Amino acid sequence: MTDRFVYVTYIRTTPEKLWDALLKPEFTRAYWYGAWQDCDWKKGSPWKLMFPDGRPADSGEVVEIEKPKRLVLKWRNEWRPDLREEGYSRCVIELEPADETVKLSITHEIDKSGSKFIEAVSGGWPKILSSLKSLLETGKPLPRTDQPKG
Amino acid sequence: MSMDAVFRALADPVRRRLLDRLHARNGQTLGELCEGHDMTRQAVTKHLALLEEANLVVTRKRGREKLHYLNPVPIHEIADRWIGKYERSRLRALADLKKRLEEQSDD
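Top to bottom, those sequences are chains A and B.
With our numbering, the residue at position 141 of the first sequence is 141, and numbering never jumps.
With our numbering, the residue at position 96 of the second sequence is 1096, and numbering never jumps.
Careful: at least some of the hints might be erroneous.
Each pair of labels, with its calculated beta carbon distance range [said to hold, decoys possible]:
(1) A:Gly114 x B:Leu1091: 35 to 45 Å
(2) B:Glu1052 x A:Thr138: 38 to 48 Å
(3) A:Asp40 x B:Trp1082: 22 to 32 Å
(4) A:Asp99 x B:Arg1062: 41 to 51 Å
(5) B:Arg1017 x A:Glu66: 19 to 29 Å
(6) A:Lys112 x B:Arg1064: 30 to 40 Å
Listing some non-contacts, in silico: residues in chain A with all C-beta distances to chain B over 12 Å [stated by the list, open to error]:
(7) Thr14
(8) Lys48
(9) Pro68
(10) Pro126
Calculated pairs, DSS-like style, for lysine-lysine (alpha carbon to alpha carbon, straight line, at most 27 Å) [said to hold, decoys possible]:
(11) A:Lys74 x A:Lys48
(12) A:Lys42 x B:Lys1066
(13) B:Lys1098 x A:Lys112
(14) A:Lys103 x A:Lys67
(15) A:Lys69 x B:Lys1061
(16) B:Lys1061 x A:Lys103
(17) B:Lys1066 x B:Lys1046
(18) A:Lys69 x B:Lys1046
(19) A:Lys140 x A:Lys127
(20) A:Lys103 x B:Lys1046
(21) A:Lys69 x A:Lys42
(22) A:Lys17 x A:Lys112
(23) A:Lys43 x B:Lys1098
(24) A:Lys112 x A:Lys48
(25) A:Lys116 x B:Lys1046
(26) A:Lys112 x A:Lys140
(27) A:Lys103 x A:Lys127
(28) B:Lys1061 x A:Lys74
(29) A:Lys24 x A:Lys112
(30) A:Lys116 x B:Lys1098
(31) A:Lys24 x B:Lys1046
(32) B:Lys1098 x A:Lys67
(33) A:Lys69 x A:Lys140
(34) A:Lys127 x B:Lys1099
(35) A:Lys74 x B:Lys1046
(36) A:Lys103 x A:Lys24
(37) A:Lys17 x B:Lys1046
(38) A:Lys112 x B:Lys1066
(39) A:Lys116 x A:Lys17
(40) A:Lys140 x A:Lys43
These aren't lab readings, by the way, just hints derived from the structure by calculation.
In this text the structure is predicted, and so the values were computed from the model without any measurement.
Ideal Cβ placement from N, Cα and C applies to all residues, glycine included.
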């Protein structure tokens, strides 16, 4: 059994701008609760999602990367032992032009059922995606996601 | 993706029930979603197509099967439009209270 969620949003922007907003620390800090990713964005490279205070929140590896279309990450929680022991999940991020917008799909899955990790990350994504959309369309992230969770 | 499509899709009780079923268990096939309905497969397919158009349901292929997933992002965007930044925690407390009280009265 696989636990999975798929989240989709349409953002009025270009694939290139959305790609940068998803990868670059100066953008992610604005809409991802202050978090940023430590990675050189090459296939096979280590990947880390960092809390604003410098602790790693999650870690993994770049499995596939095709700018500005597709990014696949191996992804494991690093700060909650009960989530960490579930092992690696897979996060697929896809960007497709759709009329005046870009369709952004996030699929996050793990090869087990009743995953607490998938439940935990699924709660965060809609807030992060709404804020990212607001940042790209209006220049402002949504309040509450522009600062560390706390 | 228009908000009109989201409200139109949510305006029907059958479609809301389909979303409830996906909320309870994500990633179901058409066959699974038809179980327990007094509706034809075609009718359920039509409702699912409207939900997909509104971006409330997204599908992924698994072999020959199509799995349906609840996409809560448009609903989140609606909530964000009208809920102010300081109201959220109070609203959550109120919603939790309502849920607890109603669960008790169901016993």
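A quick look at each hint next to the structure:
1. The beta-carbon spacing between Gly114 of chain A and Leu1091 of chain B, approximately 29 Å, falls outside the hinted interval of 35 to 45 Å.
2. Checked against the given bound of 38 to 48 Å, the beta carbons of Glu1052 of chain B and Thr138 of chain A, roughly 27 Å apart, lie outside it.
3. Look at Asp40 of chain A against Trp1082 of chain B: about 42 Å separates their beta carbons, and that is not inside 22 to 32 Å.
4. Under the hint 41 to 51 Å, the C-beta atoms of Asp99 of chain A and Arg1062 of chain B, about 28 Å apart, miss the expected range.
5. At about 39 Å, the CB distance of Arg1017 of chain B to Glu66 of chain A disagrees with the hint of 19 to 29 Å.
6. Roughly 24 Å separates the CB atoms of Lys112 of chain A and Arg1064 of chain B, a value that falls outside the hinted 30 to 40 Å.
7. Taking the minimum C-beta to C-beta distance to chain B, about 17 Å, the non-interface status of Thr14 of chain A holds against the 12 Å cut.
8. With 12 Å as the threshold on Cβ separation, the claim that Lys48 of chain A sits away from chain B holds: the shortest Cβ distance comes to roughly 26 Å.
9. Annotated as non-interface, Pro68 of chain A keeps its C-beta farther than 12 Å from every C-beta of chain B; the closest such distance is 20 Å.
10. Not every beta carbon of chain B lies more than 12 Å from that of Pro126 of chain A, the smallest distance being close to 4 Å; the non-interface claim is violated.
11. Taking the CA atoms of Lys74 of chain A and Lys48 of chain A, the gap is near 10 Å; set against the 27 Å cutoff, the hint holds.
12. The suggested pairing of Lys42 of chain A with Lys1066 of chain B is violated, with an alpha-carbon distance near 32 Å, which exceeds 27 Å.
13. About 34 Å separates the Cα atoms of Lys1098 of chain B and Lys112 of chain A, which puts this hinted pair outside 27 Å; it is violated.
14. A distance of roughly 15 Å separates the Cα atoms of Lys103 of chain A and Lys67 of chain A; the hinted pair therefore holds under the 27 Å criterion.
15. Distance check on the hinted pair: Lys69 of chain A and Lys1061 of chain B sit about 19 Å apart at the alpha-carbon level, within 27 Å; holds.
16. Taken as a hint, the Lys1061 of chain B and Lys103 of chain A pair is honoured in the structure, with Cα atoms around 18 Å apart against an allowance of 27 Å.
17. With a C-alpha separation of about 15 Å, the suggested pairing of Lys1066 of chain B with Lys1046 of chain B holds against the 27 Å cut-off.
18. Proposed proximity of Lys69 of chain A and Lys1046 of chain B is contradicted: the alpha carbons are some 31 Å apart, above 27 Å.
19. The suggested pairing of Lys140 of chain A with Lys127 of chain A holds, with an alpha-carbon distance near 14 Å, which does not exceed 27 Å.
20. Taking the CA atoms of Lys103 of chain A and Lys1046 of chain B, the gap is about 23 Å. The hint holds against a cut of 27 Å.
21. For the hint linking Lys69 of chain A to Lys42 of chain A, the alpha-carbon distance of about 14 Å falls within 27 Å, and the restraint holds.
22. Among the hinted pairs, Lys17 of chain A with Lys112 of chain A is inconsistent with the structure: their alpha-carbon atoms are about 35 Å apart, more than 27 Å.
23. In summary, the hint linking Lys43 of chain A to Lys1098 of chain B is not supported, as the alpha carbons are separated by about 49 Å, beyond the 27 Å threshold.
24. Taking the CA atoms of Lys112 of chain A and Lys48 of chain A, the gap is near 23 Å; set against the 27 Å cutoff, the hint holds.
25. Straight-line distance between C-alpha atoms of Lys116 of chain A and Lys1046 of chain B comes to about 33 Å, which puts the hinted pair past the 27 Å bound.
26. As the CA atoms of Lys112 of chain A and Lys140 of chain A are separated by approximately 38 Å, the hinted pair breaks the 27 Å bound.
27. At roughly 17 Å between alpha-carbon atoms, Lys103 of chain A and Lys127 of chain A fall within 27 Å of each other, so this suggested pair holds.
28. Of the supplied pair hints, the one linking Lys1061 of chain B and Lys74 of chain A holds, its CA atoms being roughly 21 Å apart against a limit of 27 Å.
29. Taken as a hint, the Lys24 of chain A and Lys112 of chain A pair is broken in the structure, with Cα atoms around 31 Å apart against an allowance of 27 Å.
30. For the hint linking Lys116 of chain A to Lys1098 of chain B, the alpha-carbon distance of about 26 Å falls within 27 Å, and the restraint holds.
31. A hinted pair counts as satisfied when its Cα atoms are at most 27 Å apart, and Lys24 of chain A with Lys1046 of chain B does not qualify at roughly 41 Å.
32. Proposed proximity of Lys1098 of chain B and Lys67 of chain A is contradicted: the alpha carbons are some 47 Å apart, above 27 Å.
33. Our distance criterion of 27 Å between C-alpha atoms is met by Lys69 of chain A and Lys140 of chain A, whose separation comes to about 24 Å.
34. Straight-line distance between C-alpha atoms of Lys127 of chain A and Lys1099 of chain B comes to about 23 Å, which keeps the hinted pair within the 27 Å bound.
35. About 36 Å separates the Cα atoms of Lys74 of chain A and Lys1046 of chain B, which puts this hinted pair outside 27 Å; it is violated.
36. Restraint check for Lys103 of chain A and Lys24 of chain A: the C-alpha separation of about 19 Å stays at or below 27 Å, so the hint holds.
37. For a cut-off of 27 Å, the pair hint linking Lys17 of chain A to Lys1046 of chain B is broken: about 36 Å separates their Cα positions.
38. Taken as a hint, the Lys112 of chain A and Lys1066 of chain B pair is honoured in the structure, with Cα atoms around 19 Å apart against an allowance of 27 Å.
39. Annotation: proposed proximity of Lys116 of chain A to Lys17 of chain A is violated, straight-line Cα distance about 33 Å (limit 27 Å).
40. The hinted pair formed by Lys140 of chain A and Lys43 of chain A fails the criterion: a straight-line CA distance of about 32 Å is larger than 27 Å.
In terms of the numbered hints stated before, the structure departs from hints 1, 2, 3, 4, 5, 6, 10, 12, 13, 18, 22, 23, 25, 26, 29, 31, 32, 35, 37, 39 and 40, listed from lowest to highest.
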